[in-house]
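There are 2 protein chains.
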Amino acid sequence: MAPEKKALEGVEWRIRVADGSTEVPVPDMGLARKVWLRTKGLISCLGSNVWMFLKKAWDIGANDPRKVIHCFKVGLALTLVSLFYFMRPLYDGVGGNAMWALMTVVLVFEPNVGATIYKCLNRMFATFLAGFLALGVHWIASRSGDRFEPFVVGASVFLLASMATFTRFIPSIKSLFDYGAMVFILTFSFVAVSGYRVDKLFDFAHQRISTIFIGTSLCILVIILVCPIWCGQELHGLTVRNMDKLADSLDGCVTKYFTNTNGEDDKKTQGYKCVLSSKASEDSMANFARWEPSHGRFNFRHPWKQYLKIGASMRSCAYCIEALNSCINKENKAADSIKKHLSTSCLKVSSSTSSVIREVAETVKKMNKSPTVFMLIGEMNGAVEELRNDLKSLSQLLDLSTSAENKEHETPLMEIIPVVTLASILIEIAVRTEAIVSSVEELAKLAEFAAHDGKSKRSEMKDKIVPDEEKPEGKLEALQRV
Amino acid sequence: MAPEKKALEGVEWRIRVADGSTEVPVPDMGLARKVWLRTKGLISCLGSNVWMFLKKAWDIGANDPRKVIHCFKVGLALTLVSLFYFMRPLYDGVGGNAMWALMTVVLVFEPNVGATIYKCLNRMFATFLAGFLALGVHWIASRSGDRFEPFVVGASVFLLASMATFTRFIPSIKSLFDYGAMVFILTFSFVAVSGYRVDKLFDFAHQRISTIFIGTSLCILVIILVCPIWCGQELHGLTVRNMDKLADSLDGCVTKYFTNTNGEDDKKTQGYKCVLSSKASEDSMANFARWEPSHGRFNFRHPWKQYLKIGASMRSCAYCIEALNSCINKENKAADSIKKHLSTSCLKVSSSTSSVIREVAETVKKMNKSPTVFMLIGEMNGAVEELRNDLKSLSQLLDLSTSAENKEHETPLMEIIPVVTLASILIEIAVRTEAIVSSVEELAKLAEFAAHDGKSKRSEMKDKIVPDEEKPEGKLEALQRV
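If you're matching them up, the sequences are chains A and B in order.
Using full-length UniProt numbering, the first residue of the first sequence is number 1, and each one after it goes up by one.
Using full-length UniProt numbering, the first residue of the second sequence is number 1, and each one after it goes up by one.
Hint data in this document are derived by calculation from the structure and do not stem from the laboratory.
A couple of the hints might just be wrong.
Identical chains blur together in the list; that is why a pair holds if it fits in one copy or across any two.
Unchecked claim - Within a straight-line C-alpha distance of at most 30 angstroms, the following computed DSS-like cross-link-like pairs (lysine-lysine) qualify:
| no. | residue 1 | residue 2 |
| --- | --- | --- |
| 1 | Lys-67 | Lys-365 |
| 2 | Lys-365 | Lys-268 |
| 3 | Lys-55 | Lys-305 |
| 4 | Lys-309 | Lys-330 |
| 5 | Lys-56 | Lys-40 |
| 6 | Lys-174 | Lys-268 |
| 7 | Lys-279 | Lys-67 |
| 8 | Lys-309 | Lys-55 |
| 9 | Lys-267 | Lys-392 |
| 10 | Lys-267 | Lys-279 |
| 11 | Lys-348 | Lys-330 |
| 12 | Lys-330 | Lys-392 |
| 13 | Lys-340 | Lys-330 |
| 14 | Lys-56 | Lys-309 |
| 15 | Lys-330 | Lys-256 |
| 16 | Lys-366 | Lys-348 |
The whole structure should be built from the sequences, with the hints applied where relevant.
In C-alpha cells form, the structure reads like this:
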C-alpha cells in the first residue's frame, strides 16, 4: 500500500507543475511526516481555539468577579446539601429522599437574591398546595375501586396540568407565580401518579415537602449571607448609570456637531444605545426586586415599579437622541454661518439639559431630594427660550441678506434645514427631560427621599435662586408650545 | 354582651348626628344582620373579582386558541407518560424510576417546537455526559478508601458545579447550552453523590438515562404531531406583521398631520411601538428556530439570524417615526400656507416609502424576490427629490413675501420650522427604509428566495421600468447627501 501512495503523491506533484504555477516544489514527504504535520496543525489550531476560549472566559470573570463568586456559591450550596447523603442520621431522617434537596438547590439557585427568593417561595408554596390536592385526589381515587383508580388519577392529572399551564399565560399570574405553576404540575402529577404504586403515600408527600424545605432554606441562607447580589440595588444602579450615559451622549453628540471633533469619544456618544436596549433587564429586575427583604437603603416595599416608568421616560429621550445622531452623521451640508449663529444657544441647551439629567441621576443615586433641580430646569428653559429667539432671528438674517442684495452672503434655505432640524429635536429632548424629572420626583415622593442635607453647597445656591424656581410648571407649559 | 354592643351602636349613631351631616339615619340593625350584610358584600366582591378573572382568562384563550391547545398538549403528554406507572410491565422495565420520565415532560415541554427540541437535546446530551463523568468520579472515589470517598466526591461536585455554572455566563455557550449546563450539574451531583448510597450505581445511571430518553421522545412526538407551533414560522410572521405596522404608522402619522384628522385610527398610528418592543422576542425566537427541523417553506439551515438584522433595521426606522410623532403631537403652530406648500410632496414621500416597506413585507411573506421593489425605490427617491425641491422653493416663497413688501403674506421662520423638521425626518426615514430593503435582499440571497412568478402583474410592470431601475444604488447615494 505504501508504494502506491508514493506513486500517487508523485502524480499529484507532477500535476501541480503542469498547472504552470511558479510554486517552488516541496521536497517529497513520507506519509508519517504528512500525518504528523497535519496532526500538529490540527492540535495547534485546537489549542489556539481553546486558548481563545479560556482567555474570553477569563475576561468575563475579570470584568465581573461577582460571576465567579456566584459559581463558588453554587458549589458551596451543593456541597452543603450533599452532607445529607454523607451523614447517616440526616439521610435516614428524610427516608432516603435527600436527592430532592439536591435537586431543589440546583433548580432554585439564581445569581441574585430576588430571583432565588422568588423561586424558593414559589417552590415551597406550590409543593404544599399540590401535595395536599394530590392526597385528596388519591383518597377519592382509592374509594372508586381498583378498576377506576387509574382513570380518576389520569383525568385529574390531565385537567389540573392543563389548567395550571393555562394560568402561566395570564400576565398577572405569570409575573408572580410562573415558576410556582410549573412546580405545582410537577408535584401534583408526581404524588398523584405515585399514589398508585407507593404504598406510604403520606410519608412520600411529607418527605418531599421537608426535603424541599431543607433545600430552599439552605439556598436562601447561602444567597443572602455570602456576597449577596440584590436585584433592587442592581436596578437602582442601572437606572443611575443609564441617566449618566444619556447625559454624556447628548453632550457628546451636540459638541461633536458644532466643534467638528470627530471620533475621539465615540463610546461616550453611543451610550444612549444602552438605554434603548435595557428594557428587558429592567423589567425582570423590577419583577424580582419586590421579593427581596429590606436591604441597604431600600425597604421591603420600595416602589420598584416606578423605576420602570423612569426607564420608559429615559428611553423616550433616547429615541430623540437617536434622531439627533442621524442628523449629525448625515453628510454635513449646513452652512457654517448658520451653524455659528446657533452654536452658542444649541450648546447651552444641550449642556443645561444634560446637567438636569445628571442632577436627577445624583438625586436617585443619593436618594436625597435635590435642591437645585428646579433651578437647573429654569436654566434649561431659559436656554431653550434663547434658542427659540436665535431661530427667530435667523429669518432676519435671511431677510437681510436678500434685501440688501448682497448676493455673496446669501444662505440658501436648504443649508439651514439640518441645523434647524437639530435645534428642534434638541428642544424636544428638553421637553422629554422634564418627563424624566417628573417621574423621578414621583419616585422621591413614593420612596420618601430625605430632603437634601443643609451643609451642601447646593443649599446655599438654592437660597439665592428661590424666586426663579417658584413656577417651574408655567415654564414647562410655555416650552410645550415650541 | 349583646346589650353592650347595642349601647355602643347607639353611641356611634349619636356621634354621627353630632357631625352635622345630613345623612338619613339608618334603622338600627341586629348583629346577625350586620354580619350577614358584610358577608354578603364580601362574597359579592369576591364573586365579581373571580368573574373578572375568569373573563380575562376567557379573553386570553379566545384571542389565541393555540394557548388553549398547548395546555391540552401538556395534559396529554403527562397522561401518556403516566401510563408507565399504570402498566406494570413498563413500570418494572425502568425499575420504578418512571418518575424521571414524568419530570422530564414537565420541565421540557414548551409552547413551541424549537424551545422543546432545544431543551430535549440539551437534557439528553447533558445527562449522558454527566452520567459518564459521575461514574468515573465514583470509580476513583471508591479506590480511595472509605475515609476519603466523601471528600473526593464532595470536591468533584464543588469543582464541576462551579465550572458548569461559570459556562452559563459565556454568551456563546449560554445561547446554545444554558439548559444543558443546568441539567449537567443536576445529573452529575445526583449520580456522584448517590454513588455513596445506591449500591447498583450503574443501573441507576442507566435507568435515569433511559427514562429521560422516553420522556424527551414523547415530548418531541407530541409537540410536532399535535398542532405544532414553529418558532421559525412565528418569527417570520412577526417580521412581516411588524413591517406592515411600520408602513401603517408612517402613512397614518403623516396623513394625520396634513389632513388634520384626529384620533380616528390611533391604533394604526401607534403600530410602530410594537416594532420598538419586539427585540427580546425576536432574539429568543431566532435562538430557538435554529433547533427546528425543516418545516413548511423553511429548511433546517434557514438564515434565522438575518431576521434579527432586519428587525434592527426596522427598529432604526421606528425610532425616526417616534421622532416624527413627537413633531406631529406638538401643539401645532405651523403656518397653513407652508403646510399646504409641502403637503403634496410629504404625502408622496410617506406613501411611496410605505409602499416600499409593504412590498418588502410581501417579499418576505411570499419568499419570492420582488420584481417591483427597485421601481418603488426609484419612485420613493423621486418623491424625496421632489420634496427637496419644494423645500428649496420655500426660500423663494419667503423671499418673495418679503421683497414684495406684502406684509400680510409674510410667514415667520418659526412657523416653518415644524414642517421643515418633519420633512427632514421623513427624508431620513426614506434613507433608513433602504437599509430595510438591503437587509431583506441579503435574506433573499441567503435563503435563496425564488424569482417572482412570470404570471404576476408585476412582471409586466417590470418590463416597462427596466431602464429606470438600472442603477438604484446611484440614487441611494444621491439621497444620502440630503
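For which of the previously enumerated hints does the structure constitute a violation, in increasing order of number? 9
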